[in-house]
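Sequences and hints are given; from them, build the entire structure.
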Amino acid sequence: MVRVRLNNVSKYFGKVRAVEGVNINISDGEFVALLGPSGCGKTTTLLMIAGIYKPTKGRIYFDEADVTDIPPKDRNVGMVFQSYALYPHMTVYENIAFPLRIKKTPKNEIDRKVKEIAKLLRIENLLDRKPGQLSGGQQQRVALARALVKHPDVLLLDEPLSNLDALLRVYMRAELKRLQRELNITTIYVTHDQIEALSMAHRIVVMNEGKVQQIGTPDEIYNMPANTFVASFIGTPPMNLISCSLIEQDDEFILECPEIKVPLGRDLSTIIRGNATSSEVILGVRPEDIEIVAKEDEAHATAMVLVTEPLGKDVVVTTDIGGNTVKIVTSPLKSPAPGERIRIKFKLSKIHVFDRKTGKAII
Amino acid sequence: MSRTYSRTKYVLYNIAKYVIVIVVSVVPIIPIWLMYMWLVSQSFSRTLILGIVPSGFTLSNWRFLWSSITMGQKTYPNIWPIVFNTLFLSLGVSALVVFVSSLGGYALSRMEFKGRSQLMQFILALHAFPSVILLVALFILLNKLGLYGKGIMTLVGIILVKAALEIPMATWIIKGFFDSIPWDIEWAALVDGCTRFKTWRNIILPLILPGIGAVAVFSFLSGWSEFLLVFTFVKDESYYTLPVLIYHMIGEFKYINWGLLAALGLFYMIPVLIFFSLSQKILLRIYVGGIKR
Chain A
727 MVRVRLNNVS
737 KYFGKVRAVE
747 GVNINISDGE
757 FVALLGPSGC
767 GKTTTLLMIA
777 GIYKPTKGRI
787 YFDEADVTDI
797 PPKDRNVGMV
807 FQSYALYPHM
817 TVYENIAFPL
827 RIKKTPKNEI
837 DRKVKEIAKL
847 LRIENLLDRK
857 PGQLSGGQQQ
867 RVALARALVK
877 HPDVLLLDEP
887 LSNLDALLRV
897 YMRAELKRLQ
907 RELNITTIYV
917 THDQIEALSM
927 AHRIVVMNEG
937 KVQQIGTPDE
947 IYNMPANTFV
957 ASFIGTPPMN
967 LISCSLIEQD
977 DEFILECPEI
987 KVPLGRDLST
997 IIRGNATSSE
1007 VILGVRPEDI
1017 EIVAKEDEAH
1027 ATAMVLVTEP
1037 LGKDVVVTTD
1047 IGGNTVKIVT
1057 SPLKSPAPGE
1067 RIRIKFKLSK
1077 IHVFDRKTGK
1087 AII
Chain B
1284 MSRTYSRTKY
1294 VLYNIAKYVI
1304 VIVVSVVPII
1314 PIWLMYMWLV
1324 SQSFSRTLIL
1334 GIVPSGFTLS
1344 NWRFLWSSIT
1354 MGQKTYPNIW
1364 PIVFNTLFLS
1374 LGVSALVVFV
1384 SSLGGYALSR
1394 MEFKGRSQLM
1404 QFILALHAFP
1414 SVILLVALFI
1424 LLNKLGLYGK
1434 GIMTLVGIIL
1444 VKAALEIPMA
1454 TWIIKGFFDS
1464 IPWDIEWAAL
1474 VDGCTRFKTW
1484 RNIILPLILP
1494 GIGAVAVFSF
1504 LSGWSEFLLV
1514 FTFVKDESYY
1524 TLPVLIYHMI
1534 GEFKYINWGL
1544 LAALGLFYMI
1554 PVLIFFSLSQ
1564 KILLRIYVGG
1574 IKR
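Residue numbers (our numbering), protein chains in the order written: chain A, 727 to 1089; chain B, 1284 to 1576.
Don't read these hints as lab results, they were simulated from the structure. Just to be clear, a hint being listed does not mean it is correct.
Said to hold, decoys possible - Listed next, the in silico EDC-like pairs over lysine to aspartate or glutamate satisfying Cα-Cα at most 16 Å (straight line):
id : chain 1 : residue 1 : chain 2 : residue 2
1  : A       : Lys780    : B       : Asp1462
2  : A       : Lys987    : A       : Glu974
3  : B       : Lys1481   : A       : Asp800
This is how it looks when you write it as C-alpha cells:
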C-alpha cells in the first residue's frame, strides 16, 4: 500500500494536450475516482500512473520514491482495463497466474495464491475455461483477480463496470467497494459515471479538458461545486444554470435574471461582497432545491411547464422561465400539467452563484 | 392454367441456373484435372492409350526413389540428397522469413519512429522487383561473400536471397495481424510484469500464430518451388533442388522419359499438397485477418 502523488503532471501527444498540470495527492488505502467526460484525460492520467505513458512534464511519486522513469513491470501496480484485456489464448487459471509466473514465483505458491484470489472473487469454478467462454461479468472478475493476485501497491481501474449490464453494475459497485475496504489497497478508479464515483469513492477528482476541476469528497463535489463545469456535470438531472446580474439594494444583493428575482438576504450578501469581482454571474440551483409554491409573495419566479417526466419516486418537470429551461424535481403529488403556469421558489441555503467569466464559484 | 405455366417457368429457370453454374465452374477445371490425371496414369503405366487411358501397371517410373537416374549419358544421384537440398532451402527460407517478419511486423505495427509510413510504402515497392533483374548483381554479391560455388554454402546464399525477396510481403501480412491485437492486451502484460520483449513472446506471438503459420507456409512453398536462383547459382549437381532436377530431365539431348517426368512431378507435389491441406484454414484467415476470439 502506498501514497500516490502526482506533481504537476502533463502529457502531450504532439500538439494535443491530453493532460495539463495535474496535482493529486492520494493517501494510503484511499479510494479515489477520476471523473470526467470522455476525452478529458482521465485514462491518460491512469496510464501514466501505471507507467505505460511517460509524462511530458511533472513527476509521479509512490510514497517518497520517484517512479516517473520506472517501467510498469517494476511499479507493482494492478490494473483492470475497460475491455478487461484477458489473454484469449490462456485459461482463466493461466491468466490469473500470469503475473506470478513472470515473477518466477514457485509453482505451489502460484497455485495457492490463484485459488485464494479465485475464492475471494467467487470464480473457482471457472478456472479451466478460456476467456471467450465467459460472460462480461465473469471476465471482469477474472481481470480483477489477475490485478489483485500479485498484491499490488496500487490498484488501477479503468471504467471496469462500463461493459456490464445495469443490474450487474449495481451489484459490482458494492462488491468492488467491499473488496477495496477488505484489502485496503490504494485504488484509483476512472469513470465517466458520476453515480459510480459518488457511491464508491472516498474522494473524487473531477477532470475536464485535461485539467483538474475539483478534488473533494462526494459530498463536497455535490454540494460545493468549485465551478460551473462541476456543477453541471454532477447530478441527474444536472444543476440549472441561469445567467443573472447582481444588483445592490439597501446593503443587500438581489439576483436579477430574466423573469426571476431572488433577494439574497444579509448573510449571502456578505459572502458575495467578499468574493464577487463582477456583477455578471450565473445562478446555479439543483432541480431538487426548487419548490413549487402557492402564494405569489413567496415565489421567486413564475414558470411555464413544458414537459413532465414521471420517474416513480419523483417527477422531473421541465419549465421555461424567461427563455431559460429550468428543471425541477418534485413529488408526484405536486406534479403540474404541461402548459400550466406555476410559481416557484429557490431554497436560498442551497443556491450557488458563479462568476460568469471564470465560471468559478462565488457562493 | 396460368399457375402451371408459371411453375414450369420456375423449374426451367432453376435448371438453367444450375446448368450455367456448372458450366462456368466445372468446364475451366476440366483441362487442369486432365493434366493431373495424365500425371497419375502416366507415372504408373507402361503406355497410354489415346494419351490418357493407362495400360500395363509398372513402378519402374518411380525407380528414382531407390536408384540413381540415368538421363541420356548423364547419371544423376539418388533423389534423396536432392530432396534434402530442397527441404533445406525451403525450411531455411521459411525460418528466416518468420523470424524477421514477426519482429519487423511488430515494429511497423506498434512502434512510433521517424519515416515509418515511408518505410511501409518502400517495403511494398520492394515486393514489386522480380528476382530476374537482380541476378547479375546477386552473382557479384554472393561471389564477394564467398557464397558462390561453395557446396552447401551456395544454398545458404540462395536462402538469404530468397528470404530477402519474401520478407517484405510477409512483414506486411504479419503487420496486419499485429494491428488487430488491442493495445489493452499489450498494456495488461506490461503492467503484469513483462518487458516489451516478453510481452511480444508470451502474449502477442501466440495470438498471431495463424499469421505466422500463413507466412511460414507461403515462404516454405516459395522456397520449395524456387527455380531461377538455384538454376543460376548452383553448378554442382549434388546441390540441385527438385525443380532444377526436373528441368534437367527435360533438357538433356531432347530425349524425354515422360513416365519418369510424371512420377517426379507427382513426387514434387506431395509436400505442397500436405502443406495446403494442413493449413487451409490458416490461409483463409489471412484475408479475413486477425484473431478469432
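Checked hints:
1. As the CA atoms of A:Lys780 and B:Asp1462 are separated by approximately 22 Å, the hinted pair breaks the 16 Å bound.
2. As the CA atoms of A:Lys987 and A:Glu974 are separated by approximately 13 Å, the hinted pair is consistent with the 16 Å bound.
3. Distance hint between B:Lys1481 and A:Asp800 is fulfilled; the C-alpha atoms sit about 14 Å from each other, no more than 16 Å.
The structure fails to meet hint 1 from the earlier list, while all remaining hints are met.
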